[in-house]
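J.: For reference, the chains in residue letters:
There are 2 protein chains.
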Amino acid sequence: MNLTKIIESVPNISEARRDDVLAEILKEIHGIPDTRILDVKPDLDHNRTVISLAGSSEGLKTQLLKLYEVCLKKIDLRQHQGEHPRAGAVDVAPLIPIKNVTMEECVRLAKDIGSEVAQRFEIPVYLYEFAASTEARRDLANIRKGEFEGFMEKILKPEWAPDFGPAQIHPSFGVTVIGARMPLIAFNVNLGTADIQIANKIAKAVRHSSGGLRFVKAMGVMLQERNIVQVSMNLTDYKKTPVYRAVEMVRREAARYGVNVVGSELVGLIPAEAIYDTADYYLQMESFTPSQILENKLMEE
Amino acid sequence: MNLTKIIESVPNISEARRDDVLAEILKEIHGIPDTRILDVKPDLDHNRTVISLAGSSEGLKTQLLKLYEVCLKKIDLRQHQGEHPRAGAVDVAPLIPIKNVTMEECVRLAKDIGSEVAQRFEIPVYLYEFAASTEARRDLANIRKGEFEGFMEKILKPEWAPDFGPAQIHPSFGVTVIGARMPLIAFNVNLGTADIQIANKIAKAVRHSSGGLRFVKAMGVMLQERNIVQVSMNLTDYKKTPVYRAVEMVRREAARYGVNVVGSELVGLIPAEAIYDTADYYLQMESFTPSQILENKLMEE
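Chains as they are written, first to last, in the numbering used here: chain A, 204 to 504; chain B, 204 to 504.
Next up, chain A with everything else stripped away, as it sits in the complex (with noise of 0.2 Å):
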């Protein structure tokens, strides 16, 4: 599949151990011009499975109408347990600029694609990060707090009616939360020590939430294969804090103790810009475009 312009979508949905309606769900969202099933990752003990798509801005809003209608058939959570927070059977989809599209794209598609949720199936749509329509909405985990239990009441305060349908949960479904936000890079890199003390420090160091880089999560954790320690990374906007300014960073406060980086790992998908952005920084290019690349040269028009 070659479009000129990608739009990535991971929807998180609320069910992953019954095998022969996952296959179902996936089954009617298939073969969907334009679009492609990157990846599905189902976690038993959340009882709730990760997809990926991609594709064009057309494709994907048919395929997740699709998966909405497939869900709300297929899943009632008033019989829904899992250990990870939900509050609707496709709790939440992100829509994801990867190429040629902009964030405001993106924005415009999560509205058109969640005023036709509510109207379509009757479900409460709340919009959220890039989408949002207040500063609260801007954050899942605000708008998630109270889970599909607690909406039926939080559903009725006036901060907090929905984007889009009706002021009640749907019976079986509940509520949806439609938004655009960056594509988020996991990235880990590991140190040549066994001190779980050094990877929290670094962790605590380099994340936002302790005063380190705008858009960093980070925790330490043990590799007890190995016997090392590795700095957990979510870059959350690549584009604003790049990989290698946060991977430079956990290699200066690593010297700090005596330690090195040992090496790193990609976990899923990148988009190419992160790349390039790497190679073009530490070669210290003057004006490299991405045209540049032959086989991207191949690829236009």
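Please note that a few of the clues may not be correct.
Put simply, identical chains are the same to the list, so a pair is met inside one copy or across any two.
As the list claims (entries may be wrong) - Each computed DSBU-like pair below joins lysine-lysine, with the alpha-carbon atoms no more than 35 Å apart:
(1) K500 <-> K276
(2) K208 <-> K302
(3) K277 <-> K348
(4) K348 <-> K264
(5) K500 <-> K277
(6) K348 <-> K360
(7) K500 <-> K407
(8) K302 <-> K230
(9) K276 <-> K230
(10) K264 <-> K500
(11) K208 <-> K500
(12) K244 <-> K500
These aren't lab readings, by the way, just hints derived from the structure by calculation.
Place chain B on chain A using the hints.
T.: Okay, now just chain B, sitting in the frame of chain A:
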């Protein structure tokens, strides 16, 4: 154009001054299925044009045969003058593996096209670099020595019998050289000094010919306008001598003179792999694969 396998070819033709002839040549090789003309660089002093093509194996074969056909019609080396050494109307045509293609496939294609050119047009063909039949024919300059004017005699020597075609030059076309080589990356590193001696010394240290890295050609260049010097490099096998290693060696050598790298410049195109390798190296990734790049994942079957 989204091909699974990509080969590049950079034929050099002995014409740059006659616009109408050049236009007609380009018209003839344009629009061939599964090929693209990436770039056309005429050099008036050399009276020579460098054409960058890319495509599938079959597409490129059709395109190059068409190029030989039209150049045979339009270019007469008996009338040709220019500063650059040349022995044929299509002087040289390398085949270059870019994506999911081995060097062996490019060698096979070079021989296939060479044999066809000899048979169809009665042009003597020499194979060079990875396609060379003897060590002496590996080097293009070595084959071309004597040029068009000298080849009338050179071709009669048993050691210079062509790999394909008659042992006499084509009266108007001359001979041609076809082969397989790695993509060439032209990469310049700018230094925070105006002392050309320093650039020259660093160039000498990093280049193969004077003891440096196996696949680096380099020279010092003065950038008059910016009043700084540059180490200008050609990297002739980025898999064996990667960009980052050459750049880090320049950096290291520059440090010996107390000079910093202030920037760098990629001239022309680069294969995506060379960029991935760079990010991989500096981020010290343990198990990165190009299919972790979202755009690549999307293009897989």
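J.: All hints, please: hold or fail.
T.: Now for the hints, and whether the structure bears them out:
Taking identical chains as interchangeable, the C-alpha atoms of K500 and K276 lie at most 35 Å apart only when they sit on different chains, with a minimum of 31 Å there against 45 Å within one chain. For a Cα distance limit of 35 Å, the shortest separation of K208 from K302 qualifies both inside one copy, at 5 Å, and across copies, at 23 Å. In this assembly of identical chains, K277 and K348 lie within 35 Å of each other by CA distance solely inside one copy; the values are 24 Å within and 76 Å between copies. In the homo-oligomer, the alpha carbons of K348 and K264 lie at most 35 Å apart inside one protomer (27 Å), although the nearest pairing across protomers, at 63 Å, exceeds that limit.
Proximity of K500 and K277 under a CA criterion of 35 Å is satisfied inter-copy only: 30 Å between copies versus 45 Å inside one chain copy. Within a single copy, K348 and K360 get their C-alpha atoms as close as 13 Å, which meets the 35 Å cut-off; across copies the closest is 87 Å, which misses it. Proximity of K500 to K407 under the C-alpha cut-off of 35 Å is restricted to the inter-copy arrangement: shortest distance 33 Å between copies versus 42 Å within a copy. For the homomeric pair K302 and K230, the shortest alpha-carbon distances inside one copy (26 Å) and between copies (33 Å) are both at most 35 Å.
Taking CA atoms no more than 35 Å apart as the test, K276 paired with K230 passes inside one copy only; the shortest distance there is 14 Å, against 58 Å between copies. Taking CA atoms no more than 35 Å apart as the test, K264 paired with K500 passes in both settings, with 29 Å inside one copy and 20 Å between copies. With identical chains, the CA atoms of K208 and K500 are at most 35 Å apart both within one copy (15 Å) and between copies (15 Å). With identical chains, the CA atoms of K244 and K500 are at most 35 Å apart both within one copy (34 Å) and between copies (16 Å).
Of the numbered hints given earlier, the model fails none.
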